[in-house]
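Could you build all of it, start to finish, from the sequences and the hints given here?
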Amino acid sequence: MNKLKVAIIGPGNIGTDLMIKVMRNSKHLEMGAMVGVDPKSDGLARAERLGIATTAEGIEGLVRLGVFRDIDIVFDATSAGAHAHHNEVLQAHGVQVIDLTPAAIGPYVIPAINLDAENASNMNMVTCGGQATIPMVAAVSRVARVHYAEIVASISSKSAGPGTRANIDEFTETTRAAIEKLGGAERGKAIIVLNPAEPPLIMRDTVFVLSEAADQAAVEASIAQMVASVQAYVPGYRLKQRVQFDMIPADRPLNVPRLGLRHGLKTSVYLEVEGAAHYLPAYAGNLDIMTSAALACADLMAQRRIASGIARGLKEFA
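The numbers in the sequence shown follow our numbering, run straight up by one, and end at 503.
Because the hints were derived from the structure by calculation, they are not lab data.
C-beta: ideal position from N, C-alpha, C; glycine also.
Don't take each hint at face value.
[Claimed, not checked] Heads up, simulated BS3-like pairs for lysine-lysine below, C-alpha to C-alpha not over 25 Å straight-line:
1) K451 x K374
2) K225 x K343
3) K425 x K374
4) K425 x K451
5) K366 x K451
6) K425 x K343
7) K188 x K212
[Stated by the list, open to error] Label-pair restraints from in silico Cβ distances:
8) R249 x L439: 53 to 63 Å
9) L235 x D301: 25 to 35 Å
10) A406 x E233: 47 to 57 Å
11) R427 x E233: 45 to 55 Å
12) P438 x A402: 20 to 30 Å
13) E383 x L439: 32 to 42 Å
14) A462 x A402: 32 to 42 Å
15) L235 x A277: 22 to 32 Å
What follows is the structure, given as structure tokens:
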């Protein structure tokens with residue numbers, strides 16, 4: 186089977202876990218290079234031991250690597266601030282970009298919702314909280330108009346590295362925007378909690394959705410279907426308990442900020458995301474769902490490139 190070469194920028198926890206997923210699970214991808222800026226990075230050392238080309242000179246170092254001419258897809262697992270420059274360089278070379286930062290230069294992509302419909306040269310994977318929770322908002326939106334959706338992503342403090350901590354503001358804003366764009370809510374809100382508990386807790390997510398009145402069985406069935414769709418690429422994704430419903434009567438409406446008074450059906454969804462423990466511990470489901478979603482996205486992009494014959498490295502398989 187034809188496989189395209191990929192590079193990963195950012196040899197931290199996310200980048201290293203993604204490298205292992207590419208090597209173990211990908212249908213259409215193989216590792217070409219690992220890129221960082223710290224020569225002492227454990228991720229770079231691990232990649233080098235696996236026989237993968239490495240550079241500690243950032244995006245400029247990647248371009249200088251001999252293997253770069255055959256790289257078709259690059260994952261950016263650095264920061265929102267650095268991504269703009271990385272994307273500019275890669276777009277100039279016709280390289281497909283999968284963005285795991287909250288930079289949101291390209292369209293928001295959540296595989297269970299809109300992967301089949303998007304084909305941009307830069308695909309943004311939203312955030313870990315967005316990947317976990319927005320499918321639930323979209324599931325309700327398939328049944329009834331959603332007025333407001335609020336998500337709370339609770340992750341172990343140990344699973345939040347320097348990149349995550351540096352991007353907290355971008356996390357909340359990007360997730361909120363994607364709740365509205367992909368989830369279909371009139372208004373969204375995102376909250377992230379870094380939980381210092383010991384032993385570390387598995388990622389937990391709570392989703393509150395206020396929609397127009399709807400058939401509760403239909404909403405529950407739509408949510409179940411969406412959970413199955415996410416589980417296809419994130420096996421550790423699951424409902425923690427049964428979906429809960431409350432009716433907000435018209436004579437006692439809720440005041441939704443910037444929307445005013447709203448009534449209808451309140452749907453509460455409680456999720457748990459357990460990681461596959463390829464490189465990261467199982468409790469780091471927040472990182473696993475990002476790398477799993479990015480891999481699903483890249484595999485489809487590679488399949489499209491192979492089918493269309495526009496892959497840079499396709500000559501290898503002629």
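Okay, the hints, checked on the actual structure:
no.: 1; hint: K451 x K374; in the structure: holds, 15 Å
no.: 2; hint: K225 x K343; in the structure: holds, 21 Å
no.: 3; hint: K425 x K374; in the structure: holds, 21 Å
no.: 4; hint: K425 x K451; in the structure: holds, 18 Å
no.: 5; hint: K366 x K451; in the structure: holds, 20 Å
no.: 6; hint: K425 x K343; in the structure: holds, 22 Å
no.: 7; hint: K188 x K212; in the structure: holds, 7 Å
no.: 8; hint: R249 x L439: 53 to 63 Å; in the structure: holds, 57 Å
no.: 9; hint: L235 x D301: 25 to 35 Å; in the structure: holds, 32 Å
no.: 10; hint: A406 x E233: 47 to 57 Å; in the structure: holds, 49 Å
no.: 11; hint: R427 x E233: 45 to 55 Å; in the structure: holds, 48 Å
no.: 12; hint: P438 x A402: 20 to 30 Å; in the structure: holds, 24 Å
no.: 13; hint: E383 x L439: 32 to 42 Å; in the structure: holds, 37 Å
no.: 14; hint: A462 x A402: 32 to 42 Å; in the structure: holds, 36 Å
no.: 15; hint: L235 x A277: 22 to 32 Å; in the structure: holds, 29 Å
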